[in-house]
Each structure stands twice: as structure tokens, then as C-alpha cells.
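Engineer: Here's the letter readout for the chains.
There are 2 protein chains.
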Amino acid sequence: MRPEIVLFGDSITEQSFSYGGWGASLTDTYSRKADIVVRGVSGYNTRWALFLLHHIFPLGSTTPPVAATVFFGANDAALLGRTSESQHVPIEEYKENLRKIIRHLKECSPTMLIVLITPPPIDEEGRLESVYGEKATKLPERTNEAAGSYAKECVEVAKELGVSSVNLWSKMQETHGWQKKFLSDGLHLTPDGNKVVHEEVVKVLNGAWLSAPDMPSDFPHHSEIDPQNPEKVFKQRCL
Amino acid sequence: MRPEIVLFGDSITEQSFSYGGWGASLTDTYSRKADIVVRGVSGYNTRWALFLLHHIFPLGSTTPPVAATVFFGANDAALLGRTSESQHVPIEEYKENLRKIIRHLKECSPTMLIVLITPPPIDEEGRLESVYGEKATKLPERTNEAAGSYAKECVEVAKELGVSSVNLWSKMQETHGWQKKFLSDGLHLTPDGNKVVHEEVVKVLNGAWLSAPDMPSDFPHHSEIDPQNPEKVFKQRCL
Numbered sequence: 001m002r003p004e005i006v007l008f009g010d011s012i013t014e015q016s017f018s019y020g021g022w023g024a025s026l027t028d029t030y031s032r033k034a035d036i037v038v039r040g041v042s043g044y045n046t047r048w049a050l051f052l053l054h055h056i057f058p059l060g061s062t063t064p065p066v067a068a069t070v071f072f073g074a075n076d077a078a079l080l081g082r083t084s085e086s087q088h089v090p091i092e093e094y095k096e097n098l099r100k101i102i103r104h105l106k107e108c109s110p111t112m113l114i115v116l117i118t119p120p121p122i123d124e125e126g127r128l129e130s131v132y133g134e135k136a137t138k139l140p141e142r143t144n145e146a147a148g149s150y151a152k153e154c155v156e157v158a159k160e161l162g163v164s165s166v167n168l169w170s171k172m173q174e175t176h177g178w179q180k181k182f183l184s185d186g187l188h189l190t191p192d193g194n195k196v197v198h199e200e201v202v203k204v205l206n207g208a209w210l211s212a213p214d215m216p217s218d219f220p221h222h223s224e225i226d227p228q229n230p231e232k233v234f235k236q237r238c239l
Numbered sequence: 001m002r003p004e005i006v007l008f009g010d011s012i013t014e015q016s017f018s019y020g021g022w023g024a025s026l027t028d029t030y031s032r033k034a035d036i037v038v039r040g041v042s043g044y045n046t047r048w049a050l051f052l053l054h055h056i057f058p059l060g061s062t063t064p065p066v067a068a069t070v071f072f073g074a075n076d077a078a079l080l081g082r083t084s085e086s087q088h089v090p091i092e093e094y095k096e097n098l099r100k101i102i103r104h105l106k107e108c109s110p111t112m113l114i115v116l117i118t119p120p121p122i123d124e125e126g127r128l129e130s131v132y133g134e135k136a137t138k139l140p141e142r143t144n145e146a147a148g149s150y151a152k153e154c155v156e157v158a159k160e161l162g163v164s165s166v167n168l169w170s171k172m173q174e175t176h177g178w179q180k181k182f183l184s185d186g187l188h189l190t191p192d193g194n195k196v197v198h199e200e201v202v203k204v205l206n207g208a209w210l211s212a213p214d215m216p217s218d219f220p221h222h223s224e225i226d227p228q229n230p231e232k233v234f235k236q237r238c239l
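Each protein sequence line maps, in turn, to chains V and F.
Following our numbering, the numbering of the first sequence begins with 1 at its first residue and continues without gaps.
Following our numbering, the numbering of the second sequence begins with 1 at its first residue and continues without gaps.
The shape of chain V in the complex, shown without the other chains (with noise of 0.2 Å):
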């Protein structure tokens, strides 16, 4: 019924239903017009999500989605040597499998619109109040440098390979106390943050030719319909 829009990614997306999450605003803005469809993977990386793809988005699909965010690389870009060393992935190959991901999807629908959003800024503060608590080690497992590296190649592989591209680690340093208002834990989005997640999509989806307010409501709007004779506009939408 109706287009499908799938939100691939680590927890920032698998918790973008939870109180002001931006999933969840994304299902309001696209109410009557498309189907948000969450496959949130909390914890994973893109080595990892490479296991998902052909089951998130299987080819031959007679109705594969019309867009995707694929918004992974905060757990990537976590430190060799630190306490979450399991999850990171070389730069290199982060790189490689946005790619890898990227063909998937043109594969899956060459029309899909893919949008690639960069791992958020980190509060390495806050990080180390979250992560460590009394047990501080001050070694934070995640700094804004390294994010930083990753969103810059995050980028780069979107204009490589023509793909849209928020630019999140960026975006948000441009508001003054982005620590605190937009992260709760030093990593992920409080309301406020998501609240900026779902501006940029809808940016970026307005941009191309998935602009909500442009796209037909699936159902007759109840002031179109005739108290007196009910049927008439059902009928007219054929259904």
C-alpha cells in the first residue's frame, strides 16, 4: 500500500521511537503518505550490519522501500585499546562497507533515495561519566576526533557514489552547549538531538522527491467525504 522508508542503522536508530526520537517524528511527518520502518541494530557496526543486508532488504523485492537512512559508524569509530574495542572497524574498511551497503541498496532499487547520516559528534565528558561512572578510568573509549574522521569519509563515500548525506557530527557542533543539549550519555541523542536527526532527513527528503506535504494521503480526508452518500469518494479512490 503504501512506499516504505527503512531507518538501517546502530542504536540512534533502533531508540528513534523512544520519547522525541526521531523515528518517531519521521512516522508523524509522513502520517497517511509512507511507512517508517525501523531496523535499528543497537551495538553494531558496519562489518556487522553487512550480515542484515540482504535480510533488511531482500533483492527482488516487488516493493522495496523508496528510501534509507543508513546511519552507522559511532560504534565504529570507537578506539582500538579501549573498552569497547570489540566494536570498532578500521576507517578503510568503514569506508568499504558504506559502500558495500550503498550497492546493496541501488541493487535492491535503483531508484531507492539513500541517505547516509554520520555518526554524532561525542562528548567525551559526558562519555566518561556514562560509561565509566565511579570506576573513571579517563580514558574515554570514544572521542569527537575519531567520530569526527569517520563523518568526514561518511561524506566522502556519499559523493562518491551520488548518494545524499546529513552531515550529523558537524551539524550539531554548530549550536553552542551541543554536549549536553543534544547528548545524553555523551553518544546518544536527547530529545533536542533527535530533534535535529529528523530536521536534517526531512531536509534532505524535501530536497529530493519524497517531500511530504507533495505526496498524496492514502485515504480520502474525512471532509471529502459526503455524510449523505458515504461511498461515493471510496469509490472514486477505488477502494
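Do not rely on the hints blindly, as some may be mistaken.
Note: identical chains are not told apart, hence a pair may lie in one copy or across any two.
[As the list claims (entries may be wrong)] Here are the simulated lysine to aspartate or glutamate pairs, EDC-like style, with alpha carbons at most 20 Å apart:
no.	residue 1	residue 2
1	Lys33	Glu85
2	Lys33	Glu4
3	Lys100	Glu231
4	Lys100	Glu156
5	Lys152	Glu200
6	Lys181	Asp192
7	Lys138	Asp185
8	Lys152	Glu92
9	Lys181	Glu125
10	Lys203	Glu174
11	Lys203	Asp192
12	Lys180	Glu145
I should point out that these hints are in silico values taken from the structure, not numbers from a laboratory.
Starting from the structure of chain V, add chain F where the hints point.
Structural biologist: For chain F alone, kept in the frame of chain V given last:
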């Protein structure tokens, strides 16, 4: 892939992904376990909803939803002779329409978990302020008494046909100050009101066979992935 839970109803369902919305919270509750599909049609009563039944719940589907919420009545209960009379449906017809909806869903899938939700209570004061503003006629187009009658019949129909129900009209009025705490304009829900719907629906689903904590996640948890041999767990899960 994942089982689907469809939310079928009027504006209170359509708006359930707005800030703090019950549909969004349900998506979060069933994260990686079930997909929540929103099919809310603002302004619709049960008479008009019937025209959408075959479209939203096609017979013969090989993957029908595992559950559906049916949340109509707020518009059916609009009073005759007042500004929203075109949405009014006589209470006997409302009951019969609910029966038709339930019978259709059971035909669609005999095992579908069906949850009828009654209309919420009406705060007539809030309604007058919202609908009429400065031009207040002082004649409410919806009353709490009328909503209560429809709520009672909704629960009756659920009992009669052996499906679950949430008596939202009663439940909300158990809380002191429900008028402003749960309703934003005397009819639609505040984030606190959405929370009540979410909690009550989850209670019903948990009490049946769709308890989220008991359902399997559809992909391996990241802690199950061996960083040295990631393909192992994905092969085990046949991905």
C-alpha cells in the same frame, strides 16, 4: 519478517506518533520484535472505517497482522444537531459496525489478537474552548455522557465477540484532574494521556500471548557476536 501489529482508528490513532505518542511508545516497547503499523484516519467514524477494512486488512494475506487495536467511537459519539453532527453514528449502528470490523479481522486471521479501545472521556470545557473559541455557542458538540454510552457498548461488543478491550473512558477518569492532565483540547491526548493508552494496551498484549519481553529479537544481540568470528552467530540464526 517481524510480526505486525496494526493500529486502526481515528485521529487519536493517526496522531499516535506525535511527541510522546502511544503508537511511538508501542514501537519502542516492541523494538526488534514486532512492527507497529499505524492506520489512523482523522475524523472517521465506524461507518466510514468500514470502507477501509478490505484495504487495510485484505483477506487471503499470507502474513496477516498478529494483532490490531480498533479505536473508534469519539467521532461516532458526536452529538446530532451540533457542529460535528456529520460525524455522528447512532449507537446501535456503532455497535453493529464494531461487530463487522471484528468479524472481518477474524476472517482475515482467526488468531489475530483484537483489542477494542473505547473513546476517551470528554472534557466539555476544554472542548468548548477549543472548538468554538471566541464564538463559543456554549453548546458542546461532544459530551462526556455520550462518550460514556459509546464506551459502555464498545466493551459490551468486545465481551460478546470474545475479544479484548480497554475501557479508556473509565480508566482515565480514575485520575484526579484527568480533564487537563490527559486531554489537550477536551478530546485528543496529551503526552500523559498517551501514556495511559500505551500502558493499557501493553497490559492487554502482555496478558495475551504477545508479551514483548517473551518474544525473540529478530537479529542477534551485539553481545552474542564474536568479534573474531562474527559470521558464526549469523549463520546459526540462518541470516
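Engineer: Hints first: check each against the structure and report whether it holds.
Structural biologist: Hints versus structure:
1. Taking CA atoms no more than 20 Å apart as the test, Lys33 paired with Glu85 passes in neither setting, with 41 Å inside one copy and 28 Å between copies.
2. For a Cα distance limit of 20 Å, the shortest separation of Lys33 from Glu4 qualifies both inside one copy, at 9 Å, and across copies, at 18 Å.
3. With identical chains, the CA atoms of Lys100 and Glu231 are at most 20 Å apart between copies only, with a shortest distance of 17 Å across copies and 49 Å within one.
4. With identical chains, the CA atoms of Lys100 and Glu156 are at most 20 Å apart within one copy only, with a shortest distance of 14 Å there and 55 Å across copies.
5. For the homomeric pair Lys152 and Glu200, the shortest alpha-carbon distance inside one copy (17 Å) is at most 20 Å, but the shortest distance between copies (45 Å) is not.
6. For the homomeric pair Lys181 and Asp192, the shortest alpha-carbon distance inside one copy (6 Å) is at most 20 Å, but the shortest distance between copies (23 Å) is not.
7. Taking the closest pair of Cα atoms, Lys138 and Asp185 come within 20 Å of each other only inside a single copy of the chain (15 Å); across copies the shortest separation is 50 Å, beyond that limit.
8. Proximity of Lys152 and Glu92 under a CA criterion of 20 Å is satisfied intra-copy only: 12 Å inside one chain copy versus 63 Å between copies.
9. Within a single copy, Lys181 and Glu125 get their C-alpha atoms as close as 14 Å, which meets the 20 Å cut-off; across copies the closest is 37 Å, which misses it.
10. With identical chains, the CA atoms of Lys203 and Glu174 are at most 20 Å apart within one copy only, with a shortest distance of 17 Å there and 43 Å across copies.
11. Within a single copy, Lys203 and Asp192 get their C-alpha atoms as close as 17 Å, which meets the 20 Å cut-off; across copies the closest is 30 Å, which misses it.
12. Taking identical chains as interchangeable, the C-alpha atoms of Lys180 and Glu145 lie at most 20 Å apart only when both belong to the same chain, with a minimum of 17 Å there against 47 Å between chains.
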